[in-house]
Structures are given as structure tokens and as C-alpha cells.
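Fit the two chains together into the complex; they arrive one by one in their own frames, and the hints show the way.
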Amino acid sequence: MTKRLLLLIARGIGLLLVWGLVYWNLEPFSVWLTYGVLGLSHGEHLAAALQFFVFETPKVLMLLTLVVFGVGIVRSFFTPERTRRILSGRSETAGNVLAALLGIVTPFCSCSAVPLFIGFVTTGVPLGVTFSFLVSSPMVNEVALVLLFGLFGWKVAAIYLSTGLGIAFASGWVIGRLRMEKHVEDWVYQTQTGDGVPEAESDWPARIRLGLDAVKDIVGRVWFYVLIGIGVGAGIHGYVPENFMASIMGKSAWWSVPLAVLIGVPMYSNAAGIIPIVQALLGKGAALGTVLAFMMAVIALSLPEAIILRKVLKPRLLVVFFGVVAIGIMAVGYLFNAIM
Amino acid sequence: MKKIQVLGTGCSKCKLLTANVEAAVKALGIEAVVEKVEKIQEIMKFGVMTTPALVVDGQVKSAGKVVSPDDIKNLLV
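Chains as they are written, first to last, in the working numbering: chain P, 23 to 362; chain Z, 25 to 101.
Chain Z extracted, bound-state conformation (with noise of 0.2 angstroms):
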């Protein structure tokens, strides 16, 4: 089962973002646990510097961005 957490202190696209995640997570038809992290200690934990940010078992994966279904999909696999 993937982990896939969601870094961001409660911006319109942290909550873009997770709408995406959970999207192609139901699309992929996989197991995954999609988690929200809002403390900024939490976050700086990853080492990034701009939100949101996306986390697949605990590898950074993209910074910045929100990332659109397709390519969270791509991410996924």
C-alpha cells in the first residue's frame, strides 16, 4: 500500500493538490493512504521550500506545483 502525503499549510492548491491526489488514486484503482500535512515543522522535515508539495512513501516528489491528475498518475506507478 503506497503512502501518499500532501505538504502544505492549508493554501487553495494544498487543497487543489489532495483533490488531484485522491482523483487519481481512485482512478489507478490502487490502495493508498493519502495523508495531509499541515505543521511547517512537518513540512521543513522534507526539506522543501515551497508548497504544495507531494510525498509518495516518503520521497519528495514534486515541490511548488499543483500536480494534475495524469501526471500524479505517472507518479503512482
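Just chain P, same shape as in the assembly (with noise of 0.2 angstroms):
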């Protein structure tokens, strides 16, 4: 072990620390501030709006920035290439489950799904076990998961989590039985593919500053939906809700599930963008299971990614591809609407 990396560490622990005494204080601090300066009076809604601002904002931010590094740092162990090279020839079952898994760790962006998918069903990754990869990556996602925790609490966002891989096995599974190697555009299977690029062996300074670029872009892309989303949040918290919701999204109305779904598998946001929307729509009394419905079907989902994969799937297979995850999604919806 170097002196560099010690020193590295130590200075990792020292931030973490810092870290924590000031994720530990914002709670007691957000009283303070808003009924000892400001001189709010408990049960006021504007007090209680307020507070919950001042400590949600902070909180939120800094979770959001400890888990986008961490992923960072956990993705530049998982390059595509790598993946590939972990699923290609897995038999389907357990390929489809690691498919999954890894779809969470694999950096990939939504413009890169062609080449990627080329990529992979090129090299012998079985067909569905692609899939669950393509709906895993985008469905399960740090930020959603990072404000659903933040907002929500740690059940909803575990039931995010296992749900989502939930769908992106059951899915790539089902397209896996239903042998649809056919409807895959024909040139897709002829295509040549080269070596890529050459491994590059990483270093620790270089994960930490791919942390750290993970944090400038994504923190930095998404911090405003985030002020937004606890906005509103601080909103509902402060005034009572009205339930205007409840008649339509609530639990009473069976069709409310599939009606969210339809409305968001055409929409495209990122996670971010969804959250504050997710917040609103809860606030007034939908139903937690429809809302998370909606929130996957706009994610995972979306027109756009349907103009760029149909570049090389079949329409029969598309639509499949599209089908078999919306139905996931509307179970999940109705399941958690059963329990919850």
C-alpha cells in the first residue's frame, strides 16, 4: 500500500465524518431556525412548511451526492464491455437475474442502447438476458432511489428496488421463452463487430474522480427538479391535502393503474424531473401503487427509446418488449396498492 493511497483514505474518512456531523445536525437545526430565529409558532403551516424545507433541501442533496459518488465509484468496476463479457453464454434464467443486477451498476446512457444492444446479442448474451439488462438500467435508478428514500422513507424505496429488478427479470425472461430471435432486425446478427476499447487499468484516483464526475453532472443536472420536488412537498406537508386525487387515482379505482401507465410510457423524463410530480400526485391522495406506476412507466419507458430501438427490433418484437414491461409495471402498481 502507497503513502498516496493512505492519505487518500484518511482524507475519505475524514470527509465522511464532516459528512455525517452535518447530515446528523439538519434536523435539529431546521427547528431551530425556523422556531427560535424566525420565531414560528409550532402548528402553523407555514412553520411546518418551512421546516420541513430547510431540512428536506440539505438532506436530500447530500444523500443524493454520497450515493451518485458511490455508484460512481462502483460503476468504474462495470465498463459495458465487462458485462458482456459476465453474461455472454449464461444460461437464461440466471443470466436474466445477473442481467438485471448489473443493468443497476453499468454506466449506460439511453443513446447508447443501439450499439449496446448490437454489442451484446453479437457476442452470445442470450436475447432476454439483453433485455433485462436494457430495462434494468434505466428503471432502476440511484436517483429515484436516493429522493423515494429521502421522501418517502427506506420501504418504499426498497420496494422501488426489488420491483424494479422484479420487472427487468420477469420481463427479459418472457421474452426469452417467446424465441423471438427472428423479429431482431436481420443485419443486426450480420454485423462485425471489432475489438473496442483496450481495458485501461484503473487506479483509485482515477475511480474517486469518476465519482466525482458522476456527482458534478448528475448533482448538477438534477439539483433543481430536486428543490422543486421538495417544494411541493413542503406544500402538502404544511397545508392539508385536499384528496382531489382520491376519486381518481385512488385505490378504489381499478382503472386508475393501467390509465398511468398509458399516460406515462409515452412521456420521457429522467428521475429527477418525475419526483416532484410523484410528490403532488401522492399529496392529494393517489394511491401509492398507481403513482409508482406512473413514475416507472415514464422512466422506463418512453417514445423516444422506441424511434431509436426500432433501428433494430422487428415491430412484433417491440411491441412485445413494450407490452410485456408495461404489464410489469401495472402489476406492480396493483400489488402495491393490495398492500400497502
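Treat the hints with care, as some may be off.
Stated by the list, open to error - Listed below are the simulated DMTMM-like cross-link pairs for lysine to aspartate or glutamate, each with C-alpha atoms no more than 20 angstroms apart in a straight line: (1) Z/K37 / P/D239; (2) Z/K63 / P/D208; (3) Z/K89 / P/D225; (4) Z/K39 / Z/E66; (5) P/K238 / Z/D95; (6) Z/K63 / P/E327; (7) Z/K69 / Z/D94; (8) P/K238 / Z/D94; (9) Z/K37 / P/D235; (10) Z/K63 / P/E207; (11) Z/K37 / Z/D94; (12) Z/K85 / P/E103; (13) Z/K89 / P/D235; (14) Z/K85 / P/D225; (15) P/K333 / Z/E62; (16) Z/K89 / P/E203; (17) Z/K85 / Z/E46; (18) P/K336 / P/D225; (19) Z/K60 / Z/D95; (20) Z/K69 / P/D208; (21) Z/K69 / P/E103; (22) P/K333 / Z/E66; (23) Z/K37 / P/E327; (24) Z/K39 / P/D225; (25) Z/K89 / P/E103; (26) Z/K97 / Z/E66; (27) Z/K69 / P/E207; (28) P/K25 / P/D225.
No wet-lab data here; the hints were simulated from the structure.
Quick look at the structure:
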């Protein structure tokens, strides 16, 4: 172990301690600011809303920074090339599970869906396994996970994570069973693929740089949506909800889940952008399962994605892919509404 | 003369990378042709799975990220 690495670890631990110290004092600070400095009285709507905002904003942003940094580091170990090597030639069921899990930790943006798809299926990754990866990667999103954890608690976050993985596994598995290889555009399997990027040995300073880059990129992009989301949440927190959504998106309306998915599928938004809407819907009495289904439909499936994937998938497979995932999301919606 | 290729199907990141390449070439004052490869079959021949990718004289140098002009300079000299 080099001196430089030890120094790096020491600095990391130091920063983590400072992070923890600030994090655990956010709530007392928000109480002190709201009721002490500003002198608002307990029980006031404005006070409750303000305290919520002052507490939640730094809390969620700090969590987000830590998690995005951590995920950035983890991702430096999983290049798409490496993931492909792990998945290539796997038997289907186990391969689907692995692909769903690897989808979380492999860095991948939707604009690379086509080269990734070709790169996977031409080198021996089964079609169904490839789909498990393609579903899990956008569906299980670290930003959404942090926001759900921060705003609705660990139970909702855990359910989101496990059902997201479940859908990715199941839809890939079903597509594999349906034997739809002939519905991939013919030229795809004839594509010659080269050697790709020579794998660079990454050292720890480089990994940390990747983590910091991820923070700069992702937190820099989503902080504004987070602010709006918490603002909406604060508004709901302080003021009594009117429950006007309850009749159309409540538990009693059985058709609300498919409708939410139907509206969500063509829409395109990043995970952070959708959270303010989730907040608003929940606050106004919409059922959690319905809202979660809507959120998953928006981030996992979209019209632009369909257009991109049409290049490599014949219409039939494209429809099956969207259909299977949408059905999975609906099942999750109903499941939630039944158990929560 | 160097041949620099930017692989990508036309997403915004690909345009950013092309701009960075041109900036790096200009800053170094070297002679180079910069070419955009947008056809997916051509891109796959290089074996990359994430775009944008940077290719110098037929060798893949990076994939899936927008390399900064400074880092491109290091790849070119």
C-alpha cells in the first residue's frame, strides 16, 4: 500500500465524518431556524412547511451526492465490455437475474441503447438476457432511489428497488421464452463488431475522479428538480391535502393503474424530473401503487426510446417488449395498492 | 497527418465531443482530418458499445464519454 493511497483513505474517512456530522444535525438546525431564529410558532402551516423545506433540501442533496459518488466508484469497475463478458453464454434464467443486477451498476445512457444491444446479442448474450439489462438500467435509477428514500422512507425505496429488478428479470425472461430472435432486424446478427476499447487499468485516484465527475454531472443536472420536488412536498406538508386526486387515482379506482401506465409510457423524463409530480399526486390522495406505476412507466419506457430501438427490433418484438414491461409495471401498481 | 473519427449516432454528447476534438486540434496546431461516423454499422466495426467514441488513426481511444479538449490533446501527441 502506497503512502498516497493511505492519505486518500484518511481524507475519505475525514470527509465522511464531516458529512455525517452535518447530516445528523440538519433536523435540529431546521427546528432552531424555524422556531428559534424566525420565531414562528408550532402548529402553523407556514412553520411546518418551512421547517420541512429547510430540513429536506440539504438532506436529500447530501444523500444524493454521497450515493451518486458511491455509484460512480462502483461503476468504474463495471464497463459495458466487462458486463458483456460476464453475461455472454449464460444460461437464461440465471443470466436474467445477473443482467438485471448488472443493469444497475453498468454505466449506460439511453442514446447508446442500439450499439449496446448489437454488441450484446452478436457476442453470445441471449436476447432475453439482453432485454433484462436494457430494462433494469433505466428503471432502477439511483437518483429515484435516493429521492424515494429521502422523501418517503426506506420501505418505499426498498420496494421500488426490488420490484424494478423483478420487472427487469421477468420481462427479459418472458421475451427469452417467446423465442423472438427472428424479430430482430436481420442485419443486426450479421454486423461485424471490432475489438472495442482496450481496457485501461484503473487506479483509485482515477476511480475517485470518475465518482466526482458523476456527482458534477448528475447532481448538477438534477438539483433544480429536487428543489421543486421538495418545494411541492413542503407545500403539501404544511397545508392540509385536498384529496381531490383520491377519486381518480385512489385505491378504489381499479382502472387508475393501467391509465397511469398508459399516460406514462410515451412520456419521457429523467427520474429527478418526475419526483415533483410524484410528490404532488401522493399528497393529493393518489394511491402509492398507482403513482409508482406512473413513475416507472415514465422512466423505463418512452417514445424516443421506441424510435431508437426500432432500428434494431422489428415492430412485433418492439410491441412485445413494451407490452411485457408495461404489464409488469401494472402488476407492481396493483400489488402496492393491495398491500399498502 | 492524423485521422480522428468521432463515432456517434448524432446525440448531443457526440456534438460536444466533435467540438472538443476540433478545439484540441486547433490548440495543438497539428494537421488532422476530423470525421464524424454516424452509421451504426460503421460504428459497430470499431466494437464500441457506448457512444460517443473517439478514434485516432483507427484506434479506439475512448468510448461513452465526452473527453475534454485537454485530455484529447494528450491522446493526440
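Checked hints:
For the hint pairing Z/K37 with P/D239, the CA-to-CA distance comes to about 13 angstroms; that is within 20 angstroms, so the pair holds. At most 20 angstroms may separate the alpha-carbon atoms for a hinted pair to count; Z/K63 and P/D208 meet this at roughly 16 angstroms. Restraint check for Z/K89 and P/D225: the C-alpha separation of about 18 angstroms stays at or below 20 angstroms, so the hint holds. The suggested pairing of Z/K39 with Z/E66 holds, with an alpha-carbon distance near 18 angstroms, which does not exceed 20 angstroms.
The suggested pairing of P/K238 with Z/D95 holds, with an alpha-carbon distance near 18 angstroms, which does not exceed 20 angstroms. With a C-alpha separation of about 18 angstroms, the suggested pair Z/K63 and P/E327 falls inside the 20 angstroms cut-off, and the hint holds. Of the pairs offered as hints, the one joining Z/K69 and Z/D94 is violated, with about 27 angstroms between alpha carbons and a cut-off of 20 angstroms exceeded. Of the pairs offered as hints, the one joining P/K238 and Z/D94 holds, with about 18 angstroms between alpha carbons and a cut-off of 20 angstroms not exceeded.
For the hint linking Z/K37 to P/D235, the alpha-carbon distance of about 15 angstroms falls within 20 angstroms, and the restraint holds. A C-alpha spacing of about 15 angstroms is found between Z/K63 and P/E207, which places the hinted pair at or below 20 angstroms, so the restraint holds. A threshold of 20 angstroms between alpha carbons decides the hint, and for Z/K37 with Z/D94 the separation of about 17 angstroms falls inside it, so the pair holds. A hinted pair counts as satisfied when its Cα atoms are at most 20 angstroms apart, and Z/K85 with P/E103 qualifies at roughly 14 angstroms.
With a CA separation close to 11 angstroms, the supplied pair Z/K89 and P/D235 stays within the 20 angstroms bound. Using a Cα cut-off of 20 angstroms, the hinted pair Z/K85 and P/D225 holds, with the two alpha carbons roughly 18 angstroms apart. A C-alpha spacing of about 13 angstroms is found between P/K333 and Z/E62, which places the hinted pair at or below 20 angstroms, so the restraint holds. Straight-line distance between C-alpha atoms of Z/K89 and P/E203 comes to about 31 angstroms, which puts the hinted pair past the 20 angstroms bound.
For the proposed pair Z/K85 and Z/E46, the alpha carbon gap of about 16 angstroms is at most 20 angstroms, so the pair holds. Straight-line distance between C-alpha atoms of P/K336 and P/D225 comes to about 42 angstroms, which puts the hinted pair past the 20 angstroms bound. For the given pair, Z/K60 sits about 19 angstroms from Z/D95 by alpha-carbon distance, which is consistent with the 20 angstroms threshold. For the hint linking Z/K69 to P/D208, the alpha-carbon distance of about 17 angstroms falls within 20 angstroms, and the restraint holds.
A threshold of 20 angstroms between alpha carbons decides the hint, and for Z/K69 with P/E103 the separation of about 15 angstroms falls inside it, so the pair holds. Of the supplied pair hints, the one linking P/K333 and Z/E66 holds, its CA atoms being roughly 14 angstroms apart against a limit of 20 angstroms. For the proposed pair Z/K37 and P/E327, the alpha carbon gap of about 17 angstroms is at most 20 angstroms, so the pair holds. For the hint linking Z/K39 to P/D225, the alpha-carbon distance of about 29 angstroms lies beyond 20 angstroms, and the restraint is violated.
Note on Z/K89 and P/E103: the hinted pairing holds, with a Cα-Cα distance of about 15 angstroms set against a maximum of 20 angstroms. With a C-alpha separation of about 25 angstroms, the suggested pairing of Z/K97 with Z/E66 is violated against the 20 angstroms cut-off. Restraint check: the Cα-Cα separation between Z/K69 and P/E207 comes to about 17 angstroms, which is no more than 20 angstroms; the hinted pair holds. Only pairs whose Cα atoms come within 20 angstroms are accepted, and P/K25 paired with P/D225 is accepted, the gap being roughly 14 angstroms.
Going through the hint list in order, the structure does not satisfy hints 7, 16, 18, 24 and 26.
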